[in-house]
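Engineer: The lines below spell out each chain.
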Amino acid sequence: MKKNTFYLIFGCIALALLVIFWYSVEIHTPLLIEIAFIIGIVLVYLAKRKVTDSIEDERDVKITEQATIRTMQIFWVVFCAFSIGAVMETLRIPAFPRQSPGMRPADILPPRMMGYIQLGLLCLMIFLYVGFRIYYAKKYGDFETDEE
Amino acid sequence: MKNKIKIFRAMHNLTQEDLARAISVNRQTILAIEKEKYIPSLDLAFKISRYFGVNIEEVFIFDEKTPTIAHE
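Protein chains in written order, with our numbering: chain U, 1 to 148; chain G, 149 to 220.
No wet-lab data here; the hints were simulated from the structure. It is possible that some hints are incorrect.
Each computed DMTMM-like pair below joins lysine to aspartate or glutamate, with the alpha-carbon atoms no more than 20 Å apart [to be verified]: (1) G:154 to U:146; (2) G:195 to U:34; (3) U:2 to G:165; (4) G:183 to U:57; (5) G:150 to U:58; (6) G:195 to U:89; (7) G:183 to U:142; (8) U:138 to G:184; (9) G:154 to U:144; (10) G:185 to U:144; (11) G:183 to U:60; (12) G:185 to U:65; (13) G:185 to U:57; (14) U:3 to G:184; (15) G:152 to U:146; (16) G:150 to U:146; (17) U:62 to G:184; (18) G:183 to U:58; (19) G:183 to U:146; (20) G:185 to U:26; (21) G:185 to U:34; (22) G:195 to U:57; (23) G:150 to U:142; (24) G:185 to U:56; (25) G:195 to U:60; (26) G:183 to G:166; (27) U:139 to G:184; (28) U:62 to G:191; (29) G:154 to U:142; (30) G:150 to U:144; (31) G:152 to U:144; (32) G:183 to U:144; (33) G:185 to U:142; (34) G:185 to U:58.
Go ahead and model the full structure; you've got the sequences and the hints to work with.
Structural biologist: Encoded structure:
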């Protein structure tokens with residue numbers, strides 16, 4: 001399979017997932033998009049394995065590896081720091097000095113908000129990864145001009 | 149790490165694409181190695197030098213002053 005055919009298939013799968021997403025919102029069935037997403041990703045991986053005119057060599061692997069490591073180094077600190085705070089908020093660990101049992105501290109982050117922030121952090125990871133990938137691709141000569 | 153890939157390519161009248169295809173890497177990888185933006189693995193360095201039919205030291209030059217056991 002040619003690389004361009006793969007991109008075409010990838011686009012079709014993405015479009016189909018978008019349609020399924022809206023449909024699952026319409027019928028209030030999150031399970032539908034969850035299953036469709038997993039099937040979509042499996043199909044993308046299967047299609048990628050069939051591509052013949054693309055070589056992933058050691059430089060590509062190194063760029064991916066470095067970008068992943070740097071992303072994870074930043075992401076796990078930010079994500080864990082937020083999650084620890086969120087868990088404390090959920091468990092309502094009392095402040096010092098102890099408050100009377102009748103009083104509950106005001107909600108700083110309601111559970112729904114925590115979910116949104118965690119989703120935002122996941123999006124941040126994608127942006128971080130893309131940024132690091134561009135940086136390392138540049139570092140390892142991806143944007144070098146040809147003399148031939 | 150310096151290298152003479154460009155010289156060897158010129159000697160054998162090869163393009164970056166030809167060399168890349170012969171050793172199963174991307175053309176951009178050959179370009180990056182030639183421009184010293186990327187240091188190849190030992191495996192790839194051997195593949196390149198074997199392809200040109202020479203020893204690895206003739207293609208790749210390690211220019212750092214590294215202490216050797218003979219000087220210790």
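Engineer: All hints, please: hold or fail.
Structural biologist: Against the structure, the hints:
Between the alpha carbons of residue 154 of chain G and residue 146 of chain U the distance comes to roughly 12 Å, so the proposed pair stays at or under 20 Å and holds. With a CA separation close to 45 Å, the supplied pair residue 195 of chain G and residue 34 of chain U exceeds the 20 Å bound. At roughly 18 Å between alpha-carbon atoms, residue 2 of chain U and residue 165 of chain G fall within 20 Å of each other, so this suggested pair holds. A distance of roughly 17 Å separates the Cα atoms of residue 183 of chain G and residue 57 of chain U; the hinted pair therefore holds under the 20 Å criterion.
Restraint check for residue 150 of chain G and residue 58 of chain U: the C-alpha separation of about 19 Å stays at or below 20 Å, so the hint holds. Between residue 195 of chain G and residue 89 of chain U, the direct Cα distance comes to roughly 58 Å. Violation of the 20 Å bound is thereby established for this hinted pair. Straight-line distance between C-alpha atoms of residue 183 of chain G and residue 142 of chain U comes to about 11 Å, which keeps the hinted pair within the 20 Å bound. At roughly 13 Å between alpha-carbon atoms, residue 138 of chain U and residue 184 of chain G fall within 20 Å of each other, so this suggested pair holds.
For a cut-off of 20 Å, the pair hint linking residue 154 of chain G to residue 144 of chain U stands: about 15 Å separates their Cα positions. The suggested pairing of residue 185 of chain G with residue 144 of chain U holds, with an alpha-carbon distance near 9 Å, which does not exceed 20 Å. Our distance criterion of 20 Å between C-alpha atoms is met by residue 183 of chain G and residue 60 of chain U, whose separation comes to about 17 Å. Proposed proximity of residue 185 of chain G and residue 65 of chain U is supported: the alpha carbons are some 17 Å apart, at most 20 Å.
Of the supplied pair hints, the one linking residue 185 of chain G and residue 57 of chain U holds, its CA atoms being roughly 15 Å apart against a limit of 20 Å. Between the alpha carbons of residue 3 of chain U and residue 184 of chain G the distance comes to roughly 28 Å, so the proposed pair goes past 20 Å and is violated. Of the supplied pair hints, the one linking residue 152 of chain G and residue 146 of chain U holds, its CA atoms being roughly 17 Å apart against a limit of 20 Å. The suggested pairing of residue 150 of chain G with residue 146 of chain U holds, with an alpha-carbon distance near 18 Å, which does not exceed 20 Å.
As the CA atoms of residue 62 of chain U and residue 184 of chain G are separated by approximately 15 Å, the hinted pair is consistent with the 20 Å bound. The suggested pairing of residue 183 of chain G with residue 58 of chain U holds, with an alpha-carbon distance near 17 Å, which does not exceed 20 Å. Among the hinted pairs, residue 183 of chain G with residue 146 of chain U is consistent with the structure: their alpha-carbon atoms are about 10 Å apart, no more than 20 Å. Taken as a hint, the residue 185 of chain G and residue 26 of chain U pair is broken in the structure, with Cα atoms around 52 Å apart against an allowance of 20 Å.
For the suggested pair residue 185 of chain G and residue 34 of chain U, the alpha carbons sit about 42 Å apart, so the restraint of at most 20 Å is broken. Of the pairs offered as hints, the one joining residue 195 of chain G and residue 57 of chain U holds, with about 13 Å between alpha carbons and a cut-off of 20 Å not exceeded. Among the hinted pairs, residue 150 of chain G with residue 142 of chain U is consistent with the structure: their alpha-carbon atoms are about 19 Å apart, no more than 20 Å. For the proposed pair residue 185 of chain G and residue 56 of chain U, the alpha carbon gap of about 18 Å is at most 20 Å, so the pair holds.
Pair hint residue 195 of chain G plus residue 60 of chain U holds up; C-alpha atoms about 17 Å apart against a cutoff of 20 Å. Restraint check: the Cα-Cα separation between residue 183 of chain G and residue 166 of chain G comes to about 17 Å, which is no more than 20 Å; the hinted pair holds. As the CA atoms of residue 139 of chain U and residue 184 of chain G are separated by approximately 11 Å, the hinted pair is consistent with the 20 Å bound. A hinted pair counts as satisfied when its Cα atoms are at most 20 Å apart, and residue 62 of chain U with residue 191 of chain G qualifies at roughly 14 Å.
Distance hint between residue 154 of chain G and residue 142 of chain U is fulfilled; the C-alpha atoms sit about 18 Å from each other, no more than 20 Å. For the hint pairing residue 150 of chain G with residue 144 of chain U, the CA-to-CA distance comes to about 17 Å; that is within 20 Å, so the pair holds. A hinted pair counts as satisfied when its Cα atoms are at most 20 Å apart, and residue 152 of chain G with residue 144 of chain U qualifies at roughly 18 Å. Straight-line distance between C-alpha atoms of residue 183 of chain G and residue 144 of chain U comes to about 8 Å, which keeps the hinted pair within the 20 Å bound.
Distance check on the hinted pair: residue 185 of chain G and residue 142 of chain U sit about 9 Å apart at the alpha-carbon level, within 20 Å; holds. Between the alpha carbons of residue 185 of chain G and residue 58 of chain U the distance comes to roughly 14 Å, so the proposed pair stays at or under 20 Å and holds.
The structure fails to meet hints 2, 6, 14, 20 and 21 from the earlier list, while all remaining hints are met.
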